[in-house]
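Trainee: The lines below spell out each chain.
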Amino acid sequence: MAEPTGRRVVVTGLGAVSSLGIGAPAFTAGIRAGRSGVSRIRGFDTTGFPHTVAGEVHDFAPRRLLRRLDPDEWGRSSLFAAGAARLAVADAGVRPAELSAGNAGSAIGTTSGESAVIERLTAQWVEGGFKELDPALVRQVPANRIAAAVNRELGLTGDAQTIATACSASNYALGYAYDMVRTGEADLMIGGGADSVNRWAHAGFYRLGALAEQVCRPFDVDRTGILTAEGGVALLLEEHDHAIARGARVYAEVLGYGVNCDALHPVAPDPGRIAECIRAAHRNAGVGPDDIDYICAHGTGTPTNDATEIQAVREVFGDRIPPISSIKSMIGHTMGAASGFGALACCMALYEGFLPPTATLAEVDPRLGDGVDCVPGRARAARPRIAQNHGFAFGGNNAIVILRRMS
Amino acid sequence: MTGLATRTVVEPLMITGCGVVSAAGIGLDALADAIGAGRADQPAASAFPEDAPPIPLAAVPDLKVAEHLGAKGTRHLDRTTLLALVACNRALAGLVPALPEPDRARTGVAIGTSTGSIRSSSEFSRETLVQALPYLVRANLFPNSVMNCCAARIAIVNGIRGVNATLAGGQLSSLAALRYARNVIDRGHADRVLAGGVEELSAQSAWAWHLARGLSPGTAVGEGCAVFVAESRRAADRAGRPVLAEVLACEVRSTGGDDPRHQLSTALAGCVERALRRSGVGPDDVREVAPGATGQRGLRALERRGVRAVVGGRPGEVRVAPVLGETFSAGGALQLAALIAGWRRRPPAGGVALVTSVGHDGTAGCLVVRPPAGGAERREVRR
Numbered sequence: 001m002a003e004p005t006g007r008r009v010v011v012t013g014l015g016a017v018s019s020l021g022i023g024a025p026a027f028t029a030g031i032r033a034g035r036s037g038v039s040r041i042r043g044f045d046t047t048g049f050p051h052t053v054a055g056e057v058h059d060f061a062p063r064r065l066l067r068r069l070d071p072d073e074w075g076r077s078s079l080f081a082a083g084a085a086r087l088a089v090a091d092a093g094v095r096p097a098e099l100s101a102g103n104a105g106s107a108i109g110t111t112s113g114e115s116a117v118i119e120r121l122t123a124q125w126v127e128g129g130f131k132e133l134d135p136a137l138v139r140q141v142p143a144n145r146i147a148a149a150v151n152r153e154l155g156l157t158g159d160a161q162t163i164a165t166a167c168s169a170s171n172y173a174l175g176y177a178y179d180m181v182r183t184g185e186a187d188l189m190i191g192g193g194a195d196s197v198n199r200w201a202h203a204g205f206y207r208l209g210a211l212a213e214q215v216c217r218p219f220d221v222d223r224t225g226i227l228t229a230e231g232g233v234a235l236l237l238e239e240h241d242h243a244i245a246r247g248a249r250v251y252a253e254v255l256g257y258g259v260n261c262d263a264l265h266p267v268a269p270d271p272g273r274i275a276e277c278i279r280a281a282h283r284n285a286g287v288g289p290d291d292i293d294y295i296c297a298h299g300t301g302t303p304t305n306d307a308t309e310i311q312a313v314r315e316v317f318g319d320r321i322p323p324i325s326s327i328k329s330m331i332g333h334t335m336g337a338a339s340g341f342g343a344l345a346c347c348m349a350l351y352e353g354f355l356p357p358t359a360t361l362a363e364v365d366p367r368l369g370d371g372v373d374c375v376p377g378r379a380r381a382a383r384p385r386i387a388q389n390h391g392f393a394f395g396g397n398n399a400i401v402i403l404r405r406m407s
Numbered sequence: 001m002t003g004l005a006t007r008t009v010v011e012p013l014m015i016t017g018c019g020v021v022s023a024a025g026i027g028l029d030a031l032a033d034a035i036g037a038g039r040a041d042q043p044a045a046s047a048f049p050e051d052a053p054p055i056p057l058a059a060v061p062d063l064k065v066a067e068h069l070g071a072k073g074t075r076h077l078d079r080t081t082l083l084a085l086v087a088c089n090r091a092l093a094g095l096v097p098a099l100p101e102p103d104r105a106r107t108g109v110a111i112g113t114s115t116g117s118i119r120s121s122s123e124f125s126r127e128t129l130v131q132a133l134p135y136l137v138r139a140n141l142f143p144n145s146v147m148n149c150c151a152a153r154i155a156i157v158n159g160i161r162g163v164n165a166t167l168a169g170g171q172l173s174s175l176a177a178l179r180y181a182r183n184v185i186d187r188g189h190a191d192r193v194l195a196g197g198v199e200e201l202s203a204q205s206a207w208a209w210h211l212a213r214g215l216s217p218g219t220a221v222g223e224g225c226a227v228f229v230a231e232s233r234r235a236a237d238r239a240g241r242p243v244l245a246e247v248l249a250c251e252v253r254s255t256g257g258d259d260p261r262h263q264l265s266t267a268l269a270g271c272v273e274r275a276l277r278r279s280g281v282g283p284d285d286v287r288e289v290a291p292g293a294t295g296q297r298g299l300r301a302l303e304r305r306g307v308r309a310v311v312g313g314r315p316g317e318v319r320v321a322p323v324l325g326e327t328f329s330a331g332g333a334l335q336l337a338a339l340i341a342g343w344r345r346r347p348p349a350g351g352v353a354l355v356t357s358v359g360h361d362g363t364a365g366c367l368v369v370r371p372p373a374g375g376a377e378r379r380e381v382r383r
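Here the protein sequences line up with chains Y and E, keeping their order.
Position 316 of the first sequence, counted from 1, bears residue number 316 in UniProt numbering, the numbering being contiguous throughout.
Position 157 of the second sequence, counted from 1, bears residue number 157 in UniProt numbering, the numbering being contiguous throughout.
Hints are computed from structural coordinates only; laboratory data are not their basis.
Glycine is no exception: its CB is placed at the ideal position from the N, C-alpha and C atoms.
Hints are not guaranteed to be accurate.
What follows is a set of in silico ranges between Cβ atoms, one per label pair, in the way DEER data are often shown [unchecked claim]:
1) E:ASP62 x Y:HIS265: 52 to 62 Å
2) E:ARG345 x Y:LYS131: 39 to 49 Å
3) Y:GLU132 x E:GLY218: 17 to 27 Å
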């Protein structure tokens, strides 16, 4: 079916609240160097857990970053999102007055919403029963507050849409934000994601046998699983002509996206449906397999995901698989923020000219087949033109975003 | 800078199917009866969660899970997912003609839920504190703790392979789902979407409302789910499906201010105005309003003020909260279902209806809905 046309959409601002640092430059420097953001968990008591590291954000000071939100009134994920959005707007050089006067909104992805808040309430429940729940914390629970926090912090009057499509949620959010700008529903949109490290996900992934002990090694022959992680990421999406007219720095153009659902299994991914999602993204973006220069993989580091992902890519690309790497090797699995960080890495790769590495890769799993270039170690200098950003999730929620370099 | 499409009339969305599960029971007739009577019958005490606070509750009386979903494969599913699965089952069962298998590849799901099943996530989290070792959780319950569980399960059970979105919009969740559905259909990502909202009554949610003092005295904490089959006009025509309602516009706004309550009625008024303009109709065309915040302290008056600023006080009100209780994420979908249920009883004489919603998070939303020409047909499957 013919794709409806519309306005061109570009990325002009990037914000990261990550384990590799605060701000897109710090994050990008970490990615290029292949640095690890993984550390011993401080966010919850790890007594009794065999695995005790995660990709936590330690140097986030919301009071220094945020101008309008009172951090005491908001959960950790909301503050991550608002902080990243504030950074993205500053990076884009958009005047605050233009944001609040214009037709601007946000779409933010998340897996577990305000999970850290829910866990504090759960502890109160265990301790003293439901009647002991702190009402101030109760008010912080609804996940819709994550996008609402962005709108409140920036004074945005359009959509405030939290999208809770688990670990592909940022790509879902970016797709929605792209459509809003493309169709003229909005002139500026913040797209991104946020999630917090929490006990229950740590326990759940451990019980599934999907949690690595110390190091996440996507595509490696010795990979053992994910590391749980957290952070907030935001991309400012803007109409192309408007960006050019104000002399904005343009990191990349959003060409389109594809979304579908395996509709088969709650946790096991399906290569055929992922291949269909890749094709849908290509159709929507008006590109073909030969146009793709780099794939930012979902690459969780579980034996199943990585094998399934390569199989799906092979189904679409045949023997010419573009370089494919996983930034989860450095920051772990930031859940609902994961594909947002992937998109940010893609934007910087296209803008600065490099391929993000799979930092922890020692030996590519031979069972993945021939011709799999996972960019081991550190970033590689390159001039990718079009990048494909993967996000998959529990429940078979696949979402893929396609980005192009502006020359 | 002004957006292109915001000045133009948008493509309407055809509602060709509806499944509803509420404190009134299952189906549109039960909903119409309860709204006509001004109350739903109280179900047996066993329908209510244990450990609930001493406040009014409005539970779905009998979900008939085995009857609608079969006896197998539902044991580990939480109530949020079961409510939505039954609603989807009813929506698809009532679809004439039925949805053929090949069409399910380009059919999507968009479910509004603010926090997923807060009972599932907090109970899963609780296990990490009360078990002998913190990781002794039940792995098969882990997916229930994630907010997309419900939408994903709808896809799995019904073989629906298109876009699969979970929209956390607080009070606006259901409207967000319809807005999302309209966009993906308009942009060619899907031909039709099962779109709606779900809310589960649990001890956790009841205590949350109680402790946060969110509800007006006497308002029950409720639950329910309404799911609509939303299609493009072309898809509905091609299938030859009768239309239950046309969603002409779905607009949302945020106050963007430091104190959202202060500007909420203004934001809603702007939203209603814009929604009417984009529907190609005027304030005088509005015959009915189904407001959302009828049970919420502080919001009810703000919502009414915002609506009246645009359409005056003349349109009739269809209020669901006094009958179904506060249904939060499911609210907008149940408001729309209540309008459709009413139109099956009394064929409306032209005009349009509004479904409005405002939230404590500073968001306001408005649907403009047109009844079908000649009144809605009675096509619900009876059992």
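Trainee: Hints first: check each against the structure and report whether it holds.
Mentor: Cross-check of the supplied hints:
| no. | hint | result |
| --- | --- | --- |
| 1 | E:ASP62 x Y:HIS265: 52 to 62 Å | violated, 30 Å |
| 2 | E:ARG345 x Y:LYS131: 39 to 49 Å | holds, 43 Å |
| 3 | Y:GLU132 x E:GLY218: 17 to 27 Å | holds, 25 Å |
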